[in-house]
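Residue numbers (the UniProt record's numbering), protein chains in the order written: chain A, 1 to 371; chain B, 1 to 360.
For the record, the hints were derived by calculation from the structure and aren't laboratory data.
These numbers were taken from a predicted model, which means no experiment stands behind them.
C-beta: ideal position from N, C-alpha, C; glycine also.
Treat the hints loosely; a few may be bogus.
Cβ-to-Cβ under 7 Å is the rule here; a few derived chain A residues that face chain B [said to hold, decoys possible]:
#: 1; residue: 30
#: 2; residue: 94
#: 3; residue: 330
#: 4; residue: 332
This is what each chain is made of:
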Amino acid sequence: MPAISTSAAALTPSWAQRMWRATDNVLTRALATPLAVDDYLQWFNPLWSSRTIRAEVVAVQRETPSVTTISLRPNAHWPGHRAGQHVLLTVQCDGVRHSRCFTIASGEQEPLLRLTIKAHEQGLVSREVLERMRDGDLVELSAPQGEFLLPEGDGPLLMICGGSGITPMLSMLRTLAAAGQQRDVVLVHYYSTAAEALAVEELAVLAAQWPQLRSLGCCTREAGQGLNGGRFSLAQLQALVPDAAARQWLLCGPAGLMDAVQQASVEAGVAPPLSERFELSPPTVVGEGEVHFARSAVSADGEQGGSLLELAEQAGLTPRYGCRMGICQACKCHVDSGLVRDLRTGEVREVRNESVQICVHAPAGPVQVQL
Amino acid sequence: MNAIVPKRLEGAELEAFGNEIEALRQEVMSSLGERDEAYLRRILRWQRGTEIGGRALLFAGWLPPAWLAGTALLSISKILENMEIGHNVMHGQWDWLQDERLRGDVYEWDNVCPSDQWRHSHNYMHHTYTNIVGKDRDVGYGIMRMSEDQEWHPVYRFQPLYNWVLAGLFQWGVALHDVEFDQVITRRKTLREAWQQLREIGRKSRRQVLKDYLLFPLLAGPGALPVLAGNVSANLVRNLWSYAIIFCGHFPDGVSMFTEQEAEGETRAGWYQRQLLGSSNLEGGRLFHIMSGHLSHQIEHHLFPDMPAHRYAEIGPRVEEICARYGLPYNSGGFRKQFFSVLRRISQLSRRPEPQALAA
Ligand code: FES
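Chain A with its partners taken away, still in its complex shape (with noise of 0.2 Å):
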């Protein structure tokens, strides 16, 4: 049985990318200075480019009333990803760019990258796919990335999942699926209404054409319906699967599940399940009220007063600054994360990588600076 594999697609440049990549080059950019090749293609066409992945939505649909699944049509600088890859995701919310990490849920052979994403309360860029985005609307991605793949070989596989964290394992075995290979392959996946399952006909479709696939849907909140009831335990699970413990599990959801499940796979005494976090954790910032210059590595007590920019001094740092009162500039810096006063309005807000002017901002929360 041949691998499946399109990374050898991903190291070497189609002839496609090359082109455009050539559009690019010591007289073109001599003619487009100051500005970039890239402004005048754009002009011609949004998704052009000679080097950035750019992609115009195709179709929106509505999976549950939290889930969204759209369809990209990516330019010739997409490389193709491989099953369970995630990719950065960038899109305009109110006039303002914002990216977000999205597992990928198409096949590796599908013409269209497919997202699938859960809204989540505060998440800006969920909500935005969720309320507002519309055929012909355009974004722009990262490459793929990410290690969590399909183990090579046939062995049998586990694959438990909670929520949206489905999308990978939806990935994989699409990717199985048209490439034809009938793997052993049981699917645990947990919702919390049976509303909120996802791809439930899809899954039963491919199960019925696929005699070693079988998927269980658990349905924490709701008994019935035929559904297996409950949170994820190991009694449940190997009730379910007796033979789990020979299988390689792999492993996608909230915080609570994976934690649960990688406990549970010390029980049985299997190897740890290869494993995707789909919850990005913000960047690590130190205690409250505490500046953490990153690049100096050196930290500053935010609760003695002052703008960033004085404590930065007092730590003996030297940053850039002008008119110091929030009209040149010059001061700013980079911000990781964290929560900054305006000494103007006095007003709070949170920033995530962002450019801060540093003089006119103090800290309200831990604020980790690049500086």
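Fit chain B with the ligand to the supplied structure of chain A, relying on the hints for placement.
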């Protein structure tokens, strides 16, 4: 020249004025969104479009109408890029979009002046020390006498003449601005620092000159000459236009200059007042405002340098209303009137001051 010294607020009244201006700033800044982003994208599309169209037409430049149209489009593109895009982006007006290409601290504009030096001389020196004679280097740019408070020197006799040379070569003047030759002569700046800056200017201007005066003409083959002429003309048009708009911003009648003592220990409200009294608006239609990069709203720009400029027109009447309530002047006039008063100031101040004027 206008000798009436406008009223200046002090104490509690000044702070109250400052608070109203600050509230206005917050109101606009918190309402930024999709509409603003769409506006900028539209301007960007127009700039790219006129650039491509202009360059393409100039390739057919041996046909006079094509040459004229091409030069006009290229001039428009260059003006839009320098004024409505470059200048404003470099002020950080669009940083909130989180678009790498529109970040104020990295944007490089279509001008021989390296953006980093511009950010220093303009964003910091000029916008912080606006119209403080001796500190704001935009008062006369180190070569002209634009305020009575500047000491007279015999060279200034010729300023009505070399003023036009500066206008035509404006981007080069802007490029050399941050080198501060006078500071090097008076040893307040080292020769090494100045040399570093000159090298940077050399690098940037080489790219600019190569592109406009060599690459594009060469690309046109036998049509090289009209392309060269078109590019020279477009740069000249852009220079004259930006010169005129910028000089109208701070030097017409009624605009105040400040001494260092006056600005000492100034609060934020005091800074707001100085920005107001030191700037002057130009009246005109929507297109005129766009083509001036909204520097026609110089007052609003100086009060709120990091606010997306297309909002200035919207809040102008409210700023004017606040000023009226506090009895502060809101300097504004048509382009012709203001520009004429600038030229008059240049010629008046070129003359040696009369002894009684000194006494007064
Ligand atoms: S130092 Fe000028 S904005 Fe901070």
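Outcome of the hint check:
Taking 7 Å as the C-beta contact cut-off toward chain B, the hint placing residue 30 of chain A at the interface holds, the least distance being around 6 Å. Restraint check, residue 94 of chain A versus chain B: the minimum CB separation of about 4 Å is within 7 Å; hint holds. A distance limit of 7 Å between C-beta atoms decides the matter here; for residue 330 of chain A the minimum to chain B is near 6 Å, and the interface restraint holds. At about 6 Å, the closest approach between the beta carbon of residue 332 of chain A and any beta carbon in chain B falls short of 7 Å, and the interface hint on this residue holds.
Of the numbered hints listed earlier, not one is contradicted by the structure.
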